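**Q** Given the sequences, and given the hints that come with them, work out the whole structure.
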Amino acid sequence: MTLLSVGLLYAQYLQLHADVEVEHDGRKGVIPGITMRSFTLAAHYAWPTAAVWSLVFIWLDRFRTQHMAMWFTAFAWGAAVATSISLVVNTWMAGMLSVQGGYDPSGGAGPAIYSAPFVEETCKVTVLFLFAAFMRNRLTSMLQTVSLAGLSAIGFAFVENIIYYARADNYARITVQAGDPTQAVRQLVLLRGVLTSFGHPLFTSMAGIGLAIGLRSRSRLVRILAPVTGFLGAVIGHMAFNGISSVVPSKDLKVYWFVALGIVASLVIFLIVRLLREGSMVRNRLADYVVMGWLEPRDPTVVGSLARRWWITVVATSHGFATWWATLAFLRTATELAYLRDAVTRGTADATQDREVALVDRLRDLRPVAITESKGARPVAPHLPGWWPWRRGRAGRMPAFAPPGPGSRPAVSWVPPRP
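Under this note's numbering, residue 608 is the last one in the sequence shown; the count climbs by one each step, no gaps.
Hints were generated in silico from the structure; no laboratory data involved.
Quantities reported herein were computed from a predicted structural model and do not represent experimental measurements.
Be careful, since some hints might not be right.
Stated by the list, open to error - Label-pair restraints from in silico Cβ distances:
id	residue 1	residue 2	range
1	Arg553	Val457	37 to 47 Å
2	Val209	Gly536	26 to 36 Å
3	Trp236	Leu203	19 to 29 Å
4	Gly451	Thr541	33 to 43 Å
5	Thr541	Gln376	28 to 38 Å
6	Leu379	Asp550	48 to 58 Å
7	Arg466	Ala207	48 to 58 Å
8	Tyr360	Ser455	29 to 39 Å
9	Trp236	Leu193	12 to 22 Å
Beta carbons are placed, not taken as given, at the ideal position from N, Cα and C, and that holds for glycine.
**A** Okay, structure coming up:
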């Protein structure tokens with residue numbers, strides 16, 4: 190995936206860096222391509238937005254956390270694959286619609302409203318459906334699908350912002366009437382990187398919600414309609430966003446911006462409620478194994494609480510790498526067991542007894558090494574080597590041992606045994 194991403198991004202750079210011949214009113218000219226200096230400056234302004242939103246969506250996936258490889262794949266797909274396909278298709282669609290946009294025909298309002306949302310959302314959510322097709326057992330909750338959808342959208346927005354910022358900087362440098370290039374780029378950064386940075390993650394998250402509903406349903410009809418509905422919601426939301434931005438005057442956009450913030454706040458509240466319900470589900474499903482005598486009574490309480498999970502992980506870290514690793518493995522295994530049980534109760538999985546026994550055996554093997562109880566767990570002081578300066582200084586301040594003097598009381602008195 191890394192090599193594919195690098196290759197596609199380099200192909201985009203070559204396309205945007207090349208000079209373009211244009212013709213207007215019978216006169217031919219050349220529009221210079223975007224320089225490496227502009228791309229470098231644009232990346233400098235674009236990465237903070239991507240970093241902040243990536244941390245938010247990674248944090249959202251808290252219970253059955255995905256592997257780093259899946260997070261990277263989702264982000265790289267959005268950044269390289271989705272942007273590359275969208276750049277080609279949007280430009281072609283703009284030409285078919287006969288949009289006059291200079292050397293960048295995809296910049297017209299028509300493609301931005303009618304074709305770009307469908308093309309971009311299709312490209313971004315494709316990675317989710319690939320995960321669902323080839324790694325079905327890894328997608329067990331709505332938090333996971335929304336997290337992956339958000340990362341794909343963030344990767345897309347990251348590269349898209351770089352292109353927009355670089356174009357603005359490059360245009361301002363070759364056009365005298367454009368004014369200060371730095372000021373032009375910073376205004377665009379404020380608009381795209383701050384005020385409306387929620388756009389792409391918001392739209393693609395709708396598709397993630399629909400996919401999760403479909404994966405967790407027993408009804409074949411719901412399995413088809415839910416992902417399609419989520420995708421259409423993403424496309425329609427994207428169309429509305431682009432349409433309002435393109436048609437409504439700037440002075441009237443503030444009202445629509447507050448409406449968009451209300452939608453974002455509703456999504457945040459919805460996901461927080463889902464996060465709390467996931468914890469409740471983990472506790473309830475693990476309680477079934479407590480009744481059967483397979484788990485300890487406190488296991489559901491510890492594994493189903495984010496605060497307790499965090500605390501025992503901190504405590505395990507102070508006990509050394511082996512304890513820390515065993516604790517993480519214990520939490521992951523117990524969480525997988527809870528989701529497996531939930532799939533059984535929902536009727537979306539069968540013939541799981543062998544897997545359940547294997548997970549319980551794994552928990553039994555990890556329990557002696559891992560920290561599995563939060564009550565009374567305390568971090569331990571690190572064992573410092575003898576050459577450590579702080580330890581040598583502390584040892585030097587301690588009084589040296591000396592035998593007791595005459596008439597002094599012994600530290601331990603001897604008591605003769607009873608007859």
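**Q** Decide, hint by hint, whether the structure agrees.
**A** Hints, verified against the model:
1. Arg553 with Val457: 37 to 47 Å: holds (39 Å)
2. Val209 with Gly536: 26 to 36 Å: violated (57 Å)
3. Trp236 with Leu203: 19 to 29 Å: Holds - the Cβ-Cβ distance for Trp236 and Leu203, about 22 Å, lies within 19 to 29 Å.
4. Gly451 with Thr541: 33 to 43 Å: Since the Cβ atoms of Gly451 and Thr541 sit about 42 Å apart, the hinted range of 33 to 43 Å holds.
5. Thr541 with Gln376: 28 to 38 Å: Between Thr541 and Gln376, where Cβ atoms are some 56 Å apart, the hint is violated.
6. Leu379 with Asp550: 48 to 58 Å: This hint holds: roughly 56 Å between Cβ atoms.
7. Arg466 with Ala207: 48 to 58 Å: holds (52 Å)
8. Tyr360 with Ser455: 29 to 39 Å: The hinted range 29 to 39 Å holds for Tyr360 and Ser455, with Cβ atoms some 37 Å apart.
9. Trp236 with Leu193: 12 to 22 Å: Holds - the Cβ-Cβ distance for Trp236 and Leu193, about 21 Å, lies within 12 to 22 Å.
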